[in-house]
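First to last, the sequence lines map onto chains A and B. Take the first sequence: its position 546, counting from 1, is numbered 557 in my numbering, and each next residue is one higher. Take the second sequence: its position 212, counting from 1, is numbered 1006 in my numbering, and each next residue is one higher.
Hints may be right or wrong, so weigh each one.
Said to hold, decoys possible - Distance ranges between label pairs, derived from CB positions:
id, chain 1, residue 1, chain 2, residue 2, range
1, A, Val453, B, His1407, 30 to 38 angstroms
2, B, Ala1454, A, Ala32, 34 to 42 angstroms
3, A, Leu51, B, Arg828, 30 to 38 angstroms
4, B, Ala972, A, Val173, 19 to 27 angstroms
5, A, Leu181, B, His1407, 31 to 39 angstroms
Everything labelled a hint here was simulated from the structure, so no lab data went into it. It should be emphasised that the depicted structure is a prediction, and the values quoted were computed from it without experimental measurement. Cβ coordinates follow ideal geometry from the N, Cα and C atoms, glycine included.
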Amino acid sequence: MSHHLLDIVIFTPLLFAAVVALLPAGERNQLRAATLAGSLVSFATTIALYLAFDPSAGAPEFQLELNRPWIASLGIGYHVGVDGLAASLILLTGLLGPVAVLSTWSAVQTRVKELCLALLVLQTAMYGTFAALDLALFYVFWELMLVPMYLLIGVWGGENRVYAAVKFFLYTFAGSVLMLVAILFLYVKSGAGDARTFDYVSLLRALNDPDSGMALAWSARKWLFAAFALAFAVKVPMFPLHTWLPDAHVQAPAAGSIILAGVLLKMGAFGFLRYAMPLFPDAAAWARPTLVALAVVGIVYGSLMALAQKDLKKLIAYSSVAHLGFVMLGILAMTVASSTGAMYQMLNHGISTGALFLLVGILYERTHTRSISDYGGIAKVVPMFAFAFMVVLLSSIGLPGTNGFVGELLILAGAFAAPFTIGAAAPGVELGALNMPLWTAVATSGVVLGAVYMLRMYQRVMFGPLRHQENRALADLKLREWLAVGPLLALVVVMGVMPQPFLDRLDPSAKRFVERVGGEPAQGAAAFRLVGVPPAELLSPAAAPQVVRVAQEPEPAVQPANLATEKLPMLPARLRDPKLLEAVKQRARDIGTTP
Amino acid sequence: MKIDWDVKTIEDSLFLIPLLPLLGAAALGLFGRRLRRPDVHLIACGTVATAGLLVALILLPMAFPVLFASGPVVSIGSTLGTWFSAGGISVAASLFVDHLNAVLALVVSGVGLLIHVYSIEYMAEEKDYARYFAYLNLFVGFMLLLVLANDLVLMFVGWEGVGLCSYLLIGFWYDDDAKALAGRKAFVVNRVGDFGFLLGIFTLLALFGTTSIQPLGTGGDSLAGAVRAFGPGRLGAVVSSGPLAALGLTYGHAITLACLFLFLGAAGKSAQFPLYVWLPDAMAGPTPVSALIHAATMVTAGVYLLARLSFLFALSTTAMAMVAAVGAFTALFAALLACAQNDLKKVLAYSTVSQLGFMVLAAGVGAWWQAVFHLVTHAFFKACLFLGAGSVILACHHQQDIRKLGGLRRRMKSTSATFLIATLAITGVAPLSGFFSKDAILHFAHAAAPAGPAGVAHLAWIVGTLAALGTAFYMFRLYFLVFEGEPRSEQAAHATERGLAVTIPLWILGALSVVAVVWGWPWAPFAMTTRSGLREPLFQNFTSPVFGLANRILGVDPAAAHQGLLGAMALALAVAWAGLGAAWWLYRRGGIAKLAPLFERRPVRWIHALVAHKFYVDEVFHFALVLPLRAVATLAFHLVDRRAIDGFLVHGPARVTGWAGRALRYLQNGDLQRYAAVMAIGAVVTVAFVLSVGKDLFQLFGGN
């Protein structure tokens, strides 16, 4: 069973789509129930997948792998498998599935059957994109995602939906067509005749092995990286390729926004981590200064844009640009800490921004306005809603104790300590150096700006006197809405307080990524050591929980005004305590000072 | 006969101390609406009291080791495990208690409990009763976490957590726009500080590889351990390994950088210039909240941070000088502003800013224990003052304008008596606690400050003394205007004092402001005699293990701290009396009326207007920072996002495609004659082309 788990995960939604297709189009609640059931079963399969993944150090990179020929004559295989990152993102996708379905329950009343089909097909496409280990298969799933999302925006969207849908499609498509060319180029260069392959694992090995005979010229590597990077940068979206996002979000129905922000944006970052950078590490090193700068500009610029918005959904969309800037900074810093943080932040952003769009959707369903100025003072009317919104907002601005903080801290602390230049580009190519502490400091200002725009929005929507009488009778969260919001709120706290189980699954992926792109010269803790600290001080704490007592701090001999002696009149017994004296000596030996 | 305390059990329960109030907050937040009021009190006060009791259990063997079989306990710690760890960054969920934070934890839970009790009466008419206590409990929990954390990142959790509670409580009556705005301002200004705190954490991580503060038991990295092994001798060496090597800094520079970043964080939380702007606005919150959060505890977190990392700051004279200078300036600046305020709570707010300036000044000149001692005494008398103000506000139906109060001494006996005690304590007129804590700071700055550019400490002493003069003046101005003379409004004339829930906390805090004298008394019978024959106050003696490392690095001369003590005290007393006298003459003897013509004159009028408008600092921030930020955002949205990117880069190609399509449309208009003509021309061109260059092309493709 377990060796078919990935098949089950990927095709369960499609199976339910078939069921939905057979149901009569008029029975809306039946359709919704079937879709909800499908997404819940699908979520269960992703949990099983997540738990089946073995994150231990010796475990293979790709697990639950399936490799069967698909179009053998062209070297295309149905090769799927997950690493820690893909398993985590698949879990996130599974989680957001039912949330999206619940958000459409009463919000969408037209073409319900088609909507349900679109959501289920989209689910399969997203799973497939994360699981694919064959470039052709990856591309098929990648483009397959576009269609349902295009329909979600174009059919069930707002007043300007066609413009937004076309913009979304063309933007993304322009990027991915270049990626297709790059994939075909790799295929052609991968061998001769039948030896040609689209297989990711073999291509990765061949590209990074000088003896494989697949040596590409520097210019080719550079252009190939650029083609992949462009496709992914549009999807992230990185500044200045982000202008499709606000339009798409504003026009999309809540379900579309949840999936778009929650999962689809992650595809871009995922593509950098899985494809663009490991396949062409030296080109990535060469492009790193530019990309880091764009990521940091994205953080500040996105925050400023969010500050200028009058529309709730646009504000959240621009906040995504800033958040994904953090993710990209973490990836491009190329340290284990920062890339682990980036991966974690991908999950966090999916949850918090998904929840934000869900909540705004709930509000929109009641009032049919997204304009901030149409609210004001509604916290008194809908206290539960205000509470849920506050929790999600705190996660979004990275308050410690919520999931957002852990990701941001790892990204920024890792980037602050990241190398200025990475590896070596091709001979004769100059590598730019980047003052990472300085750029990280600029990025950290996003923490302040995030609080500025988010709290300003919250105040104008929730606080003050009730400004519009028509909001007087606004209904608070209903049970069905709680079912969608509640799990996300719980995850915000759980992932903030107990992040380690989640981080453990990302750790192997982050380590392999950094190794492949040649980041962070000495991996892990060793890079951080202060020279000269005696080894005894370097021991890591033993297994937890652990309770210890600290002995008296030893004073140097030069200063006889010892604490113990100073308290002499009060504590005559102290000096005679042999246990204490022994502890002091031991302590002094430990830290290497002369007692 | 000794008490056989099982320290292990206490250590195991260390995590309960912050956890209990947090659980109380969760319970109140989730089920508060369904609970009866007495149950709300029980949960809110009970959890805080239990936490305080646990702290006291730990503090006892520290304070009276002679009574305990366990012997002297310098610090105890407990590690629950790793909070998170990735790529060499590891944050332990570990708490510890030593002589410094034991005191603070007791102050937090003790004053917190008193203010919980006081709030029962103060918030009695409030509908959102449970929500208020949930926030208050949440605050106490986060504050205890902040104080007890043994890791800077964990401390940051408490640090931002208390900031959140402050935000929620300032804006407690959120349907008032001004109050909600004040809460937001507090949060955002604090975030500016937190930006510094974060960068400080990053710098320390990059330099030392750890954010753990003290070594616990057998090992683990820690900042204290690293600094102890590092020693000041290597400050001049260039950082040659690790992530910061590429910057080419010396260790001294890197540590200075880290300290300055952290100080930015401390300045945000402890309301130092120019980040103090949020604190006066924070008075929009309920008065017990002002007492607990914005006077006694949360705002002192910055001072605690400076004291906690004393060993690190001691390594950087530049950072110390900066801290001292900012502290001294803030002390004087805020004292000046307090003189021209007419809102009861605003005067106290600027007073808090000023007193925090004294503490920061102390930390900057190396007077660590004095800074913490002043923190503790200030917590007592300032909480007492705020609760007294709350009592006045309750009695006078929210009349806070001191020009409209007056004569309350006869109507509010307990309030006026405790207010007077606390006023005497803060001004240092009589030998109350504030006298000893403030004088110890100024005397140390004058006589013993060992570090930094020599001028800074002396300048700090002069500025601090002037600020002390201001303190005595504005505090007695406040006292005389509120409690003496005749009532100047209906509300003041009919004021009635509230019940025991209000007065008992007042008396306890008033008593503590007096009793605290014992810890700072520099002579027998309370002072301890060290082996070298010097006397030191109990508080100094008690906290000496904490500041031993910093003092060793700084090379503080213990003997110098005793020279000229009496002279300094005489000066302090004279200054205090001068301030009191000036206030008495102006506000009790009608001096203000005599001076009125002077205030009509131009330069005096201008200066008074400048002070009364708080030097227009808020306006400067608004016009120099807030408005430009918004303008840049809006402008960039329209110019960059709309015009440049969307208009040119995105719609541009789309438009070109459109034009091209329209242009090409003419080629396919169905006119056969035109098709034929084009075909003919094309054929001619092709033939001509092949004839002229065809041979070359043929060769180019490999033909021969």
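Going down the list of hints, with the structure as the test:
no.	hint	in the structure
1	A:Val453 / B:His1407: 30 to 38 angstroms	holds, 34 angstroms
2	B:Ala1454 / A:Ala32: 34 to 42 angstroms	holds, 41 angstroms
3	A:Leu51 / B:Arg828: 30 to 38 angstroms	holds, 31 angstroms
4	B:Ala972 / A:Val173: 19 to 27 angstroms	violated, 44 angstroms
5	A:Leu181 / B:His1407: 31 to 39 angstroms	violated, 56 angstroms
Checked against the numbered hints given earlier, this structure breaks hints 4, 5; the rest are met.
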